[in-house]
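Based on the provided sequences and hints, a complete structural model is requested.
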Amino acid sequence: MPHRVSVVGIERCIGCYSCMFACSRLRFNEVGMARSAIQVRSAGGIERGFIVIVCRACIDPPCAKSCPTSALKPRPGGGVILNEDKCTSCKSCYEACIVRAIVWDDERDKPIVCRYCGFCTKFCPHNVIALESIGREILV
Amino acid sequence: MTDPSIYNVLYIDLTEGKHEVQERRDLFEKYLGGAGVAVKLLEEECPKGVDPLSPENPIIFTVGPLTGLFPLASKTVAMFKSPLTRNFGESHAGGRSAAAIRFAGYGAIVIRGASRNPVYISIVNDKVKIKDATTLWGMRSSYAVGRVLREVEPGAGKRTIMRIGMAGENLVRYANVVVESYRHFGRLGLGAVFGSKKLKAIVIVGTRSVKIDDVKAYTKVYEEIYKEVTETGVMSKYHVLGTSENVLPLNMLGALPTRNLMQARFELAENISGETLAEKYLAKKIACTHCPIGCIHLASLRIAFAPGHEYETLIIPYDYEPIYALGSMLGIGSAGDVLRLIEKIEGLGLDAISTGVVMAWATEAYQRGLITERETMRLRPNWGEDVEVYIRMAERIARRANEFYSALADGVEAAASKYGGLDFALTCGGNEIPGYHTGPAALVGFITGPRNSHLDSAGYSIDQKALVKPMSDEEMIKQLVEEERVRNVLTSLVICLFARGIYKLDRVSRALETLGIRRSLEELMQLGAEIQRAKASFKAREGFNPYNVRIAKRFFETPTPQGRLTEERIMRMISMYIDAADLKDIYRA
Ligand code: SF4
Ligand code: SF4
Ligand code: SF4
Ligand code: SF4
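Residue numbers (the numbering used here), protein chains in the order written: chain A, 1 to 140; chain B, 1 to 589.
Keep in mind the hints are simulated off the structure, nothing from the lab.
Hints are supplied without guarantee of correctness; some may be wrong.
[As the list claims (entries may be wrong)] In silico SDA-like cross-links for lysine to any residue, where the CA-CA straight-line distance does not exceed 25 Å:
1. B:K285 <-> B:G254
2. B:K285 <-> A:S6
3. B:K553 <-> B:G254
4. B:K127 <-> B:K211
5. B:K285 <-> A:D105
6. B:K127 <-> A:D105
7. A:K110 <-> B:V215
8. B:K227 <-> A:G9
[Unchecked claim] Pairwise CB distance ranges (calculated):
9. A:A130 <-> B:N382: 37 to 45 Å
10. A:P2 <-> B:I303: 47 to 55 Å
11. B:S54 <-> A:S89: 51 to 59 Å
12. B:E56 <-> A:G9: 49 to 57 Å
13. A:R48 <-> B:K280: 20 to 28 Å
14. B:S334 <-> A:V8: 31 to 39 Å
15. B:A144 <-> A:D60: 41 to 49 Å
16. A:S89 <-> B:V152: 28 to 36 Å
[Said to hold, decoys possible] Facing chain A, according to a computed beta carbon distance under 7 Å, are these residues of chain B, among others:
17. A156
18. K158
19. T207
20. S209
21. T289
In this text, a Cβ means the ideal position worked out from N, Cα and C, and glycines have one as well.
And the structure:
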């Protein structure tokens with residue numbers, strides 16, 4: 001059954017960025033805030049709390065539809081899979097995702113797309129994010 | 001091999017309007033980073049005997065090799081010559097400052113010279129700009145400055161915004177630098193040094209990444225630390241109630257300085273305790289970048305500003321120290337009043353501890369008739385009676401409203417030297433005391449610590465141990481010296497001191513090893529001792545000598561949980577400290 005990372009308790013977020021560091025560590029063998037498929041930022045001044053953005057694993061993903069080379073393809077059950085070899089760095093997917101869940105990797109000039117692995121959720125101290133199965137939505 | 005960007009020192013000259021980057025591998029390889037590297041840069045940059053408010057006084061920021069990479073290596077060290085004590089100045093802050101500096105590609109930032117006109121510095125990775133801040137100068141609140149800069153500068157959510165308030169502009173000698181609204185370079189007057197350089201703010205955006213060679217080794221130690229931080233109780237106190245959980249225990253012991261330390265117990269402590277604040281006002285907790293604890297407690301306070309249910313809601317950070325300084329020290333026994341005072345002082349950019357101690361002295365001096373309503377400009381301070389009086393007093397200090405407030409703006413030592421009342425002017429080495437009347441170790445720590453505060457050697461904790469299991473003065477001194485050295489190591493890396501229970505030196509050594517930096521425990525302790533000597537040398541060079549420190553009578557009048565202290569005993573312990581820390585050649589009797 002496919003999974004996705006879901007933001008289940010945004011008000012509990014303390015802005016520690018542990019989730020971003022986890023993704024950047026796992027995916028890029030590096031530590032930083034630039035390259036991570038999950039993004040955290042303050043909602044305009046820390047007093048207003050935080051925003052966490054991660055791929056929603058759309059059933060009919062606009063990002064994939066916008067891809068001219070089929071580098072980004074729908075994943076069965078929701079979300080997308082990226083085949084970087086086919087990607088021409090056109091940025092249409094980046095523009096197409098209105099929640100801005102596709103992060104642009106300036107260094108490699110490629111999109112960063114979530115792989116739904118859930119590694120980031122293991123490092124959230126406040127259960128703000130959770131890996132959830134999206135099986136039920138397929139039936140609908 | 002560790003990421004070489006840590007070796008980069010960004011030098012910014014405000015007089016010349018220029019900047020350059022130099023690789024200082026020499027410093028970082030020997031002193032790791034943080035406090036160790038900063039004290040060396042201070043030696044290089046700060047000429048002897050210089051006026052702390054002159055362009056010659058440098059501002060130095062440093063981070064360390066673990067910064068950004070490990071949980072809770074989340075702090076930045078600032079070093080400068082203190083306008084308050086006129087010797088060694090060091091102050092730490094978290095927020096996003098450390099990660100921003102590291103990911104912008106630097107291990108240190110040195111600011112030299114002074115601008116003629118108000119400016120702020122914008123650093124976006126390798127792009128450094130000195131920008132006009134005329135419009136920001138004189139703004140009523142440091143919060144507003146942050147709001148403006150958030151709009152005009154890039155990097156939302158991943159940047160640090162350091163700024164001063166009115167107090168820094170007016171060179172109040174204990175003005176602070178506010179970071180991300182709720183964190184501070186609080187103590188010893190960095191804000192005044194900013195002000196003297198006409199430097200209103202610094203915005204740093206870091207979007208670089210640090211490459212890890214041995215990800216496997218790194219991840220292993222990372223996860224081990226992460227687990228211990230989040231899954232054991234080692235750090236829970238900092239998250240649950242935060243440092244304000246100290247109010248009641250310290251009060252119970254009789255160690256909570258109250259009404260300018262005329263007492264060490266506050267009958268209204270319950271009202272301003274961490275428990276009360278959490279129950280009635282706590283809105284949320286937040287964290288510094290890469291800290292899964294989240295110790296920053298934010299209260300929400302609703303204030304009616306006009307009849308007809310017209311409310312404003314303020315978000316106010318609180319901690320033990322401001323509760324002590326702006327609560328019990330002033331006899332204020334209402335959490336709402338304490339929060340209002342904290343909010344005011346934050347906005348003005350004043351250090352909460354110094355301001356509270358200064359106002360406590362002023363209250364006592366007024367009651368004893370050393371000063372009158374002429375000096376206070378018709379304010380009648382009376383322990384806790386009317387918080388408005390203290391709010392106005394703080395404003396007048398920040399504006400240096402008359403000769404008297406200007407003396408207060410120079411610190412308790414200066415004010416009492418002018419108006420009398422040194423016997424109850426509560427400073428050690430010129431720095432206003434923190435909230436621990438726990439016994440001899442705390443007091444000796446305030447006198448011998450490089451920052452003249454509890455942060456250097458945590459004497460308060462040694463005192464509390466001695467209450468459970470009595471120890472000799474020698475043993476206390478031994479622990480004091482050792483703690484100071486360990487802290488010098490942690491602050492060279494720069495690990496949050498709340499995590500000292502997690503980062504035992506052997507773990508520090510292993511964390512460093514994953515980055516290719518090999519240091520044995522002995523080598524780390526040696527480094528701690530070396531930094532201790534370097535700081536003492538700087539202090540001695542600038543005229544400080546613990547043998548000659550003025551110790552206010554009040555410390556000996558009000559009993560501690562370990563009984564009444566005597567001057568003879570404290571002097572004896574100071575001498576023991578100098579022996580034990582091996583500083584005899586630096587400080588002579
Ligand atoms: S990247 Fe955006 S558009 Fe594409 S599946 Fe995820 S949320 Fe939907
Ligand atoms: S950037 Fe790559 S993945 Fe995205 S739409 Fe263009 S080709 Fe497809
Ligand atoms: S699920 Fe995996 S790829 Fe997606 S954000 Fe989390 S760690 Fe990154
Ligand atoms: S790990 Fe959790 S608490 Fe921390 S920033 Fe991410 S979502 Fe927020």
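Evaluation of the provided hints:
no. : hint                          : result
1   : B:K285 <-> B:G254             : violated (29 Å)
2   : B:K285 <-> A:S6               : holds (22 Å)
3   : B:K553 <-> B:G254             : holds (18 Å)
4   : B:K127 <-> B:K211             : holds (21 Å)
5   : B:K285 <-> A:D105             : violated (31 Å)
6   : B:K127 <-> A:D105             : holds (20 Å)
7   : A:K110 <-> B:V215             : holds (23 Å)
8   : B:K227 <-> A:G9               : holds (21 Å)
9   : A:A130 <-> B:N382: 37 to 45 Å : violated (54 Å)
10  : A:P2 <-> B:I303: 47 to 55 Å   : holds (50 Å)
11  : B:S54 <-> A:S89: 51 to 59 Å   : holds (53 Å)
12  : B:E56 <-> A:G9: 49 to 57 Å    : holds (52 Å)
13  : A:R48 <-> B:K280: 20 to 28 Å  : holds (22 Å)
14  : B:S334 <-> A:V8: 31 to 39 Å   : holds (38 Å)
15  : B:A144 <-> A:D60: 41 to 49 Å  : holds (46 Å)
16  : A:S89 <-> B:V152: 28 to 36 Å  : holds (31 Å)
17  : A156                          : holds (6 Å)
18  : K158                          : holds (5 Å)
19  : T207                          : holds (4 Å)
20  : S209                          : holds (3 Å)
21  : T289                          : holds (5 Å)
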